[in-house]
Amino acid sequence: MKKHWLIGIVTVLILSLVTACGSSKGDGGDKSAAAGPAGGTKKELNILMETVPDTEMVQKVTEKFTQETGIKVNIEAVNYSSMHEKLVPQLLGATSNYDLIVVDNYWVGEFTDAGWLELLDSFIQRDKFDTSVYLKSMFDMVGQVKGTTYMLPFYNYAMALVYRKDVFDDPDLKSKYQAETGRELKIPDTLEEYVNISKFITKQKGGSMYGSVMMGLRPDPISVEWLNYLYSSGGDFYNTDGSLRINDDKAVKALELYVDNMKNAAPKGAAGFGFDEAFNVFAQGNAASFITYNWMLPKLQNASESKVAGKVDIANVPGGSSLNGGWGWAIPKNAEDKEASWQYLKWIESFNSAKERALLGGSPTRRDVLADSDVVGVFPHYVKVQYILESSKMIPIIPQAPQLIEILGRELSEAVSGGKSPKAALDTVAKEVAALK
Amino acid sequence: MFTEKRKSFLIFFIPSMIVLAATVLYPLIYALIMSFTDSSLKRKGLGNFIGLDNYTRIFHDTHFLGSVWTTVVFTVLVVTLEFAFGFIVALMLNRIRFGKKIFFTIIIVPMLITPVAVGLIWRLLLHPDLGIVNYMLSLIGIEGNAWLGDAKLAMFSVVMIDIWHQVPFMILLLLAGLVSMPSEPYEAAKIDGAGRLQTFWMVTVPLMKETIIVAILFRAITAIKTYDLIFVLTKGGPGTTTEVISYHIYKQAYTFLDTGYASAMSYLLLLVIFVLSIVFMKVSRSQPQA
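As you go down the protein sequences, you meet chains C and W in turn. Residues in the first sequence are numbered consecutively from 1, following this note's numbering. Residues in the second sequence are numbered consecutively from 438, following this note's numbering.
None of these hints come from the bench; they were simulated from the model. The C-beta atom is built at its ideal place from N, Cα and C for all residues, glycine as well.
For lysine-lysine, the following BS3-like pairs were computed, each having C-alpha atoms within a straight-line distance of at most 25 Å:
(1) W:Lys589 - C:Lys263
(2) C:Lys205 - C:Lys165
(3) W:Lys481 - C:Lys437
(4) W:Lys479 - C:Lys431
(5) W:Lys589 - C:Lys199
(6) C:Lys86 - W:Lys479
(7) W:Lys481 - C:Lys86
(8) C:Lys253 - C:Lys186
(9) C:Lys333 - C:Lys128
(10) W:Lys589 - C:Lys420
(11) C:Lys423 - W:Lys589
Just a sample of chain W residues kept apart from chain C, beta carbon distances all over 10 Å, derived:
(12) Ile448
(13) Tyr492
(14) Leu514
(15) Leu518
(16) Phe520
(17) Ile550
(18) Ile600
(19) Pro605
(20) Glu621
(21) Gly632
(22) Val651
(23) Phe655
(24) Thr659
(25) Lys662
Excised from the complex, chain W in its bound form:
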């Protein structure tokens, strides 16, 4: 019935397809169905079909809208700063000859720590009274701050911790892009008499465009979904200053047990991320090589 080639294709294709479907597709479809019901963790089964009620409710939920703004601020800050910082470090790492491996290993360490551990470590470091950060500051005569307990500072602290944690990812991706670049355009630029800055803007950046877009897109998506760091560091507080969307959704599902509503919000988030991905992809393909 099947040719040999088709058979071996199927043997490799079907198991992976089944695993993917069971772990990715099934929950996705289940959550989609759930988002149109009044499903709750208090009851068995999916609950009653209530059409688009959950989706309309989202737009009247002031706490959700507040968390959207917080997430936007968080994502923009985190992605921009991590990209800038990551690019600078990647460029420097690409140039040095000696000790590259050592630097690289040290820089990569934070990325290997799980977000919960990162949060716990920083909570201890930033303890206003007993933490080492304020102690170090006091040694040089600077008065310490209530990093996570001050409504004006909490977001800044969370952003800084996230940068510490996630910058290695940026460095890794961008460095890979830099290393794999051809050397000819650089030689040509040199012959044409281009300065360092010129070479960077006219050669490096255009050649790196694809990598940069992938890096930013990846990071933006994971930043929008940030939940664990917030959970450990601030629980959304003080007040609601660090309450991001994912944390808000988590509470709807596990504190308010309102899984139908939480699914609807999750789907909306998925939609936003999906649109974002498409836009980025379109942008990256619209001008093939400047």
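Next comes chain C alone, as it looks inside the complex:
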């Protein structure tokens, strides 16, 4: 008798499993089709965002939207590392809990390729939303893909060299460097000279200060940091004909310089630093330079968060081409009420909202906001940031970008920890990236 019951239950379960698989395939398509332009009746919008300053700016200005329209906006802010895995199941389902999402630039290829994002062109044309106000490097990255608009650029996180003015202007260090090398100590034009200066400062300061603080944690920190070295050395992932060049001479040279700087100039243990750890070393005044996101500058100039406030400035990464980065707003294809989502999107990206966010400290993507006299009055460094943004390069927009970063991060870490030579590590990257489906 007992056994019969057990067998019965198991059978029912297996049956329900089989039917569940079948039905999820079926009604997935139906529902997403049915949830077309239903017409802005939704009274509450859910947005998944990352816990970063720009999200706080959005939260601050969004109250106005609720007052104007009566639509409540719930912003769920989570840590970056859990965003992708939270988003993917939502985007795969028949309906999504989120009415609006923000997309990191290296998910763009994956999300658009999978058809998870709603096309915005018809909304843009209908409401005559002007997209030409965005910086080209931003709109090409987190706006349109192959001529189709999927997103509106939300904020930029192009990288740049943040450095200590007082250290680079120190007359004592300057004369010593001149005497030792015959060159002037200044923000250098080449990566090679940057690493030389970085090593020199570490040697001179004997453990109380490092020439540069670096972040060698797998997979994102090390990858994004090294890509500045790659792009500034004239290297890239792909040739113009689409063939891989990630293991060519320029890339190997870039990695050799990176490893050299990590071993001989960066703080001990930087090979395991994540972003926060590296940031703290710089904010405590223990490093002379840091290749990091440009929006870190206001944070570092804030005396309540950093000991180096007033002593910091920003420059392009030596060599001239930093890693561009940014987030875009997108409406999931399976969102319940896309009209309501668009209404909010249009509002939050309007000139007034974007300017308000910028004045609070947000990182603009619109040219008119970056050049706005009020904004530049508060943040004079935006003149440099605009220049940096225009000369920066992005991670290639391919569906496999997250996988690419994972592979790259692992192999770079191997090279830094001495497990592989730079050439061997990059050869592995090339081999595995070529095999990505």
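Put chain W on the given structure of chain C with help from the hints.
Chain W in isolation, oriented as in the chain C frame:
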């Protein structure tokens, strides 16, 4: 149709069975089916049936084989050290009369912290430049280390943190075993003139055998599955020095979105743990009382 007794049995049995089936059996069966498909998070549904391809692929995956070795090293180190340390502390706790509760409470605290919090706390403590561990070492004239950033030290650091976190579990289990032991064998040993060490090896250890096996087995299984600590502390780095199986599987599923392949690896892991359990059980039953 049913007798009263059978009815009440069913009333209590069926709900729990349904909950168990829905939360344990369903995912298990789903993952098993998935492991024979090319299922991916990029697509809806289960994908195409590809037979044993996922399983054969595992044995050509050098990164997987590397992570197996790392996991073996990690598990052996962690289980041995935690057992030794846990047993010593349990024996000591069993003997003291005064302040037992206070010691016990303090010792148990780490176990109550979630692994992610443990990882974050230790990341801060072990920061080479700003952390308190290196600062303390510098006070007594020892040069600090790059605990998590040095390929030679990272595994050692992770093992130490895991011991700090998991030793209370060992203490708890072993102490429970010690407390519930009968006192007669000890009296007999005393009368026979056995010394302390003799009593320990000839009385305590054999009597504790079942408890010890359960403790080691439990800990070995959870050690093989360690993922959260690695995720927070090192992300498998530097290089691949701390990349354990569970972390490798996680990446296959959530970074490479290859759920079919990840399921196959998970099943292989399940099989290993299952075999391990059987071996332990067999060993514990083969010689009933020495």
